[in-house]
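Q: Here the structure of chain S is known, so what remains is to put chain Y in place on it, guided by the hints.
Number of protein chains: 2
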Amino acid sequence: MSATKPFTIACIQDGIADTQAATVDATVTRIRDAARRGANVICLKELFDAPYFCKTLDQARFNLAEPVTGPTITRMRALAKELAVVLIVPFYERQAPGLYRNSAAVIDADGTLLGLYRKMHIPHDPLFEEKYYFAPGESTAMAQPEGCPGPARQSGGFMVWETKYAAIGVLICWDQWYPEAARITALLGADVLVYPTAIGWHPAEKATFGEAQVDAWRTAQRAHAIANGVFVAAPNRAGFEPEAGTAGLEFFGHSFIADPFGRLLADAGTEPTTLIATCDPALIEDTRRNWPFLRDRRVDAYRGMLERWLA
Amino acid sequence: MSATKPFTIACIQDGIADTQAATVDATVTRIRDAARRGANVICLKELFDAPYFCKTLDQARFNLAEPVTGPTITRMRALAKELAVVLIVPFYERQAPGLYRNSAAVIDADGTLLGLYRKMHIPHDPLFEEKYYFAPGESTAMAQPEGCPGPARQSGGFMVWETKYAAIGVLICWDQWYPEAARITALLGADVLVYPTAIGWHPAEKATFGEAQVDAWRTAQRAHAIANGVFVAAPNRAGFEPEAGTAGLEFFGHSFIADPFGRLLADAGTEPTTLIATCDPALIEDTRRNWPFLRDRRVDAYRGMLERWLA
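Protein chains in written order, with our numbering: chain S, 1451 to 1761; chain Y, 1451 to 1761.
Just chain S, with the same shape it has in the complex (with noise of 0.2 Å):
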């Protein structure tokens, strides 16, 4: 069921403390700041709360990793309960010895462990080698942990979650380059798709393409919310981490999120920060009755989408 009246989303764009003690308990106050400000679902950035470790390929840092089951997201749960508050909180998840994945786990307002998000698109470039840490999300009817609801909707290892506030839909950073990943998620009937995100510059690039980088980036979300009426808020990673041998990247914030008709409600520089904006879904309603896109689909004629080249 789609949210009936308005919610306030929030999106916590910052960096990572020194250690990932340090980075929970200053999430965990930047968090409470959001609820303090009115905030009813608090989105976090891809892999809150580790550095960003996929920029060289290093065994010691699967044991990063932790259980759904562990410490910082049973905490997060507390903190959801107290706050009543929704939390999309992104983590390196331990799923079994040698099985890790880049994961959301989706808490509702009281606290209760919903279920997770497993990142689809897996990237694999030069400082951002995902193939080796992370297993892709499946494409069958996937695996919650135990107890766990799950989400409300699935097709293909895509999801939505059905909370106090809102029907949420999570993807996570390159999933957010495909449409495809975008229009399943919203016809599962989402209200908002929310892309935590760590995508940053490559220094020796960022003079040349660091702008339009950051505006095609921008672009294809906001195309995802006017394609299918849909809010968007993305949460990125902010600031530079270094790696030994390497020039480091430059996590580039701008953080936004926008209507569904692709319009700003609210955007960062790369600064740390957090965004908040109030969501009316009746606005889904009315965009989608201006400009009835949904209506008119070719379900018939788009089988072709499921081939990976048709020349």
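One should not assume that every hint holds.
[Stated by the list, open to error] Computed footprint of chain S on chain Y, listed as stretches where at least three residues anywhere in the stretch have a Cβ under 8 Å from a Cβ of chain S:
hint : stretch
1    : 1601-1610
2    : 1621-1630
3    : 1742-1748
[As the list claims (entries may be wrong)] Reference excerpt, derived from the structure (chain Y facing chain S, CB under 10 Å, subset only):
hint : residue
4    : Ser1589
5    : Arg1633
6    : Thr1635
7    : Arg1672
8    : Ala1677
9    : Tyr1752
Worth flagging that the hints you see were computed from the coordinates, not collected in a lab. Don't be surprised by glycine CBs; every beta carbon is placed ideally from N, CA and C.
A: Okay, now just chain Y, sitting in the frame of chain S:
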């Protein structure tokens, strides 16, 4: 086969003259000018030689349709041959008595009529009552006019055309809101997607929504360029067209040509003009190597795309 060397594309943004003959004459003048300025591929606006007649239901307006063997396309074929340019000519097609289409003739640089793309997504909204006037393009292999070679490749009614200068994907107006249409056409091997368009402002909405509408229109199509790593060219209609008993429509122009990273190579205001830009196919591969989206599509997980709604 994709283009192997740079090609120059032109978008003619204009309105209509008092008669069909005068509109065709003016368009021929603009095409000659574009060719003189170096254009290899020249794209006209949707239903180029007619007023935008779909503002009301009027049976007499079916008379505006002309067979592909009629004088207009015949004249355009001779012009393409004379100037050695590829022409994309959108027109109101009379396919059979009582069967009319919103089509685009694809004419190669030697005057060969390669065939017709027929608009797949048909809108129907106040003053855009297209479901009355047009049968939609087919999801099965499409009948091409007798003697035409047809598209090089097709899938579900979406098509790519091998012309002298480039592999061209032709889509029409409302198609531009559908990432599915862009994706399938790109996977068919297009270097460039062209979107002949007739989009405008309702005068009563312009002050409040006009700017956001132009921005949504441009953003959706720039996102197709980004998601697929292709050039996009969108020639739109310009100028006010009245309709008795209504406030009429002000076609908003703002035609543009974007590169595979969504950057604008050329863009127009609201006045008649011809945009020209050179497209280097090397940039397609370079862009797709930098952020290799096509590699990571989850073709195993997209079956939900074939449904109207999943909730």
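Q: None of the hints should be skipped; say for each whether it holds.
A: Hints and how they fare:
1. Under the rule that three or more residues need a Cβ within less than 8 Å of chain S, the assignment of the stretch 1601-1610 of chain Y holds, with 6 such residues.
2. With 5 residues carrying a beta carbon less than 8 Å from a beta carbon of chain S, the stretch 1621-1630 of chain Y meets the three-residue requirement, and the given coverage holds.
3. Counting residues of the stretch 1742-1748 of chain Y whose beta carbon lies closer than 8 Å to any beta carbon of chain S gives 6, which meets the minimum of three for the stated coverage.
4. The closest approach between the C-beta of Ser1589(Y) and any C-beta of chain S is roughly 4 Å, which is under the 10 Å cut-off, so the hint is satisfied.
5. With 10 Å as the threshold, the beta carbon of Arg1633(Y) comes within range of chain S, its nearest partner Cβ sitting at about 6 Å, so the hint holds.
6. Interface restraint check: Thr1635(Y) against chain S, minimum CB-CB distance 9 Å, threshold 10 Å, status holds.
7. The criterion of a C-beta within 10 Å of any C-beta in chain S is met by Arg1672(Y), whose closest approach is roughly 5 Å, and the hint holds.
8. Evaluation of the Ala1677(Y) hint against chain S yields a held restraint, the C-beta minimum of about 6 Å falling below 10 Å.
9. A hinted interface residue such as Tyr1752(Y) counts as satisfied when its beta carbon comes closer than 10 Å to some beta carbon of chain S; here the least separation is about 5 Å, so the hint holds.
In summary, this structure violates none of the numbered hints.
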